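**Q** Residue strings, one per chain:
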Amino acid sequence: MLGKLLKHEFRQSARSVSLIYACAAAVIAFIFVGMLTKITWIGVVGSIVLYITALVGVMMTLVSVIKNFYDTLYSNQGYLSFTLPVNCASLLGSKVIAAIVWVILSFVLAAVCFLVIAMNAKAVAEGSMAGIWDIIELTGLKEMLPSGATLVKLGILFAVSVLLLVFTFVGFVFFAVTMANTRVLQKHPKLFGFLIFFFTYGVTNAVGTKLTYSVPLSLEITTEDVKLAFVAMDQSSGMLSYGLAGVLFMALVAVGLLLLTGWIMEHKVNIK
Amino acid sequence: MEQLITVEDLHKSYGSKTVLDGVSFTAAPGQIIGLLGPNGCGKTTLIKILTGLIKDHTGTVRINNEEPGAYTKSIVAYLPEKTYLPDWMRPADAIGYFSDFYKDFDKDKAVEMVSRFGLDMKQRVKTMSKGQQEKLRLLLVICRNAELYILDEPLGGVDPAARAKILDLILENHAANSTVLISTHLISDVEAIFDRVLMISEGKLIVNAHVNELRENGKTVEDVFKEVFSYAW
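One line per chain: the protein sequences are L and D, in this order.
Everything in the first sequence is counted per numbering that gives the first Met the number 0, starting at 0 for the first residue and increasing by one.
Everything in the second sequence is counted per numbering that gives the first Met the number 0, starting at 0 for the first residue and increasing by one.
Everything labelled a hint here was simulated from the structure, so no lab data went into it.
Every value quoted in this text rests on a predicted model; they were computed, and no experiment measured them.
Here a beta-carbon is modelled for each residue, glycine too, at the ideal position from N, C-alpha and C.
Check before you lean on any hint, since a few could be wrong.
[Unchecked claim] Here are some chain L residues the structure puts well away from chain D; computed CB gaps all over 12 Å:
{"hint": "1", "residue": "Leu-61"}
{"hint": "2", "residue": "Leu-79"}
{"hint": "3", "residue": "Ala-109"}
{"hint": "4", "residue": "Ala-117"}
[As the list claims (entries may be wrong)] Per label pair, the in silico range of CB-to-CB distance:
{"hint": "5", "chain 1": "D", "residue 1": "Asn-38", "chain 2": "L", "residue 2": "Lys-66", "range": "27 to 37 Å"}
{"hint": "6", "chain 1": "L", "residue 1": "Ser-160", "chain 2": "D", "residue 2": "Thr-25", "range": "51 to 61 Å"}
{"hint": "7", "chain 1": "D", "residue 1": "Lys-164", "chain 2": "L", "residue 2": "Val-107", "range": "45 to 55 Å"}
{"hint": "8", "chain 1": "D", "residue 1": "Glu-66", "chain 2": "L", "residue 2": "Leu-184", "range": "22 to 32 Å"}
{"hint": "9", "chain 1": "D", "residue 1": "Asp-86", "chain 2": "L", "residue 2": "Asp-133", "range": "57 to 67 Å"}
The following block holds chain D by itself, in its conformation from the complex (with noise of 0.2 Å):
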C-alpha cells in the first residue's frame, strides 16, 4: 500500500542531547494518529521535521515520497502549539493570506466559519481572546483540503467543553481519505477518534500499533500510556 509518511531511522540530537533515536514508521492515508509521550520525549521535535521546519537531521522522511519541503508544506496543514499570526492581522487578512499561499485552501468556508465561531473580520488578533485566537488558527489549518494534517496539542489550553467541540471540528471537517497526526497530553479526551497510535519516550518509538491491538486486552489507550510512561508520572 502506498504510504503517506515514511520514516526511518529517524535521529535527531540537539548538541550532545539525543532527542529522536532511530524512530521509524510509516502511515497510510485515510487514518487518525495519536502521537503520544510526555513532555520532552521528542514529539514536537518529530513534527517540525515532517513540517520541514528542521532540516539538520539523519535518516529518511518522505511525505507522499517526497523529502519536506515546498511541495509537501503544500499538502501539510500544520497548527503549531505556538500563536503564530502577527498582532496586526484581522480574520480576514489571514484568510486571505493562507487563500494566496494554498491552493488547497477553501476560504467560503473559512468565511462561514469566522461567523459559525462568532468571530469578527476585522477584529485583530491582539484584541482577541486567547480562546479566539486558537479558533481563528484551528479555522485555518481545517478550512484546508489537505492531504496530512499535523496538529501540535490542539486541544492544550482549551476546556473540557471546547475540546470535544473542537475534535467534533476536526472529524468533520478533515478532507476525504486525508490523514491527521494529533500530537496530545490529553488522551481521555481524544482516544476514541484514533485509529493508531505513536508513542515516543526518551526519543524512541515503543508503540505503533492500532488502537484495537491495545484494546484486545480490555485496556484503554490511556490505561496502556500510563502503563508504558509510568516512570514520568
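Here chain L stands alone, though its shape is the one from the complex (with noise of 0.2 Å):
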C-alpha cells in the first residue's frame, strides 16, 4: 500500500509546485538565448529573474509540504484519507517521504539556476573570471584547495547533512501540525502549530548546538582527507571541523517526533 499512497502523494503535491519548476525551465531557456546571441541584457535580466525563481521555489516548495500536509490529513480531505485501509504509520512515511524529495528537488532546482546563472556570468565576463584564477595561482591558495578525493567525501557529508536537516525539519513541521489538530489546540491550529514548532525546533536546536562544540565527535576536514575524530569540535587541529553529535541529536529527535506524530494520529487527531 506504500507504493499506492506514495503514488496519490506525489500526484497530488505535484500540483502546487510544478508551476515552479516550469517558470525556472522557461526563465533558464530565455538565458541561453541571451547566451548563444550575445545579447547582454538578456542574461542579466533572465539571471535575475532565475535567482528569484531558486529562492522562491524552495519557499513555495516549503510552504506546499506543510500546506499539503495539514490539507490531506486535517482538512475535510482527513475524511479520506483516514478512512483508507492503511495504517497511520504506511500514511505518514507517504507523507514523510514526499516532503524530504520535493524539498530536496527543490534544492537542486536552486543549485541547477545558480548554476546557470554563474554560466551565464562566466559567458558574460570571461576575462575578468580568469583573471581571477590567476589571482588564486599567484597568491598559493590554490595549493589549499582541497583534492579531488577530499572533494568527493565533502559532497557526500554535504549531501547526507542536507538530507539530515530536511528529515529533521519535516519531521518537527508534521508533529507540529500533528499537535495543533488534536481536540484540545485545534481551536486554533496555525497558532499553535507556529508555537509549537518554533518551541520544539528551538528548544532541541540549542541542545544541539551545544552538543555540536562540546562532545568528542566530529570530523576534521583537510586538503588530504576527511576523517572521524573523537575530539569536541573546539579542540580539533584540524583545518576544519565539523561536530556530528548536534546534528545526530536533531534528527534522533526528529525520528521520535514523527513515532509521536503517528501515534497522535493513531489515536487523538480529531477530524473536524
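Fit the two chains together into the complex; they arrive one by one in their own frames, and the hints show the way.
**A** Okay, here's the thing in C-alpha cells:
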C-alpha cells in the first residue's frame, strides 16, 4: 500500500510545485537564448529572474509541503485519508518521503539555477573570471584547495547533512501540525502549530548546538582527507572541523517526534 | 448469530461534555438500520468511532470481530456528511483513487454510473454543482462491494425528488447481505426501507428496535421519533 500512497501523494503535491519548475525552465531557456545571441541584457535580466525563481521555488516548496500535509489529513480531505485501509504509519511515511523528495528537488532546482547564473556570468565576463583564477594561482591559494578525493567525501558529507537537515525539518513540522490538530489545540491550529514548531525546534536546536561543540565526535577536514575524530569540535587541530553530535541529536529527536506523530494520528487526532 | 457490528458500553467525552454514554448494540449482516436523533445527540461521533476516525473512547467497538483499523476500513464504505474530495479531483481521478485502495471497488460500475448520473469524467470537483458533487461522492461509496455501508446524512442537501432516487440507488446497489447504517433527520423519506432503528438522545441509546415492533401500535417511525424527542422540538 505504501507504493500506492506514494503515487497519490506525489500526484497531489506535484500540482502545487510544478508551476515553479516550469517557470525556472522557461527562464533558463531565456538565458541560453541570451548566451547564444550574445545579447547581454537578456542574460542579466534572466539571471536576476532566475535567482528570484530559485529562492521562491524553495520557499514555495516548503510552504506547499506543510499545506499539503495539513490539507490531506486535517481538513475535510482527512475523511478520505483516514478512512483508507492503511495504518497511520504508512500514511505518515508516504508524506514524509514525498516531502523530503520535494524539498531536496527544490534545492537541486536552486543549485541548477545558480549554476546557470554562474555560467552566464562566466560568458558575460570571461576575461574577469580568468583573472580571478590567475590571482588564485599567484597567491598560492591553489595549494590550499582540497584534493579530488577530499572533495568527493565533502560532497557526500554535504549531501548527507542536507538530507538530515530536511528530514529533521519535516519531522518537526509534521509533529507541530499534528499536535495543533488535537482536540485541545485545534481551535487555533495555525497559532499553536507555529508555537509548537518554534518551541520544539528552538529548544532542540539550542541543545544540538551545545552538543555540536562539546561532544567529542567530529569530522576533521584537511586538504588531504576527511576523517572521524573523537575530539570536541572546538578542540580539533584540523583545518576545519564539523561536530556531529548536534546533527545526530536533531535527527534522533525528529525520529522520536515522527513516531509520536504517528501515535497521535492513530489515537488522538480529531477530524473536524 | 455472528454479528457484523458489536458496540458495548461505549463512552466518549469532549472535555467535560459527554457525547456518548454507555451505548451498546449489535447489528447482524443484511440489515438496513436507521440511526436517528436530533442534532448534537452523538450520531456523527458514533459513526466516526465505527469508521476509525475517533479512537480515544472507552468501551468495545468491533466490526466483523475486529477493532476499527486498516482491516475494518477495507470492509466499510463510508459516506461522510462533509465534502471530502479535493477540488482538483475529477471523477476519473476519484475512481482511480478508490480502485487503487479498495479491493472491493467496482471500477466498471463506477464508470457506468458517472455517465448515468450525467457527470463529466474530466470535470473538476471545484467546478461541479453541489448536487453533482453529492452524486459523485455517493457513487464512490455504492460502487464498493462492502460489508458495511455507513451513510451520514446522505439526503441532507438534496431536494425531495432526488431523495427517492438516492434511496433507490442505495437499495439497488449495496452488496448482497451487507448492512447499511443510515444517519438521517428526514425520517419520513427513509423509514420504509429500515429494518431496524437506533435512536440516540443526549448520548444514550434509548430505542433499539425492529421497525415492526415500533409499528405494532399503528405508529410510524416518525411518530415514535416525535414522541421520543418531543423535548428537542
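**Q** For every hint, state whether the structure bears it out.
**A** A quick look at each hint next to the structure:
{"no.": "1", "hint": "Leu-61", "verdict": "holds (20 Å)"}
{"no.": "2", "hint": "Leu-79", "verdict": "violated (5 Å)"}
{"no.": "3", "hint": "Ala-109", "verdict": "holds (26 Å)"}
{"no.": "4", "hint": "Ala-117", "verdict": "holds (37 Å)"}
{"no.": "5", "hint": "D:Asn-38 - L:Lys-66: 27 to 37 Å", "verdict": "holds (32 Å)"}
{"no.": "6", "hint": "L:Ser-160 - D:Thr-25: 51 to 61 Å", "verdict": "holds (57 Å)"}
{"no.": "7", "hint": "D:Lys-164 - L:Val-107: 45 to 55 Å", "verdict": "holds (52 Å)"}
{"no.": "8", "hint": "D:Glu-66 - L:Leu-184: 22 to 32 Å", "verdict": "holds (26 Å)"}
{"no.": "9", "hint": "D:Asp-86 - L:Asp-133: 57 to 67 Å", "verdict": "holds (58 Å)"}
Against the hints set out earlier in the document, a violation occurs for number 2 only.
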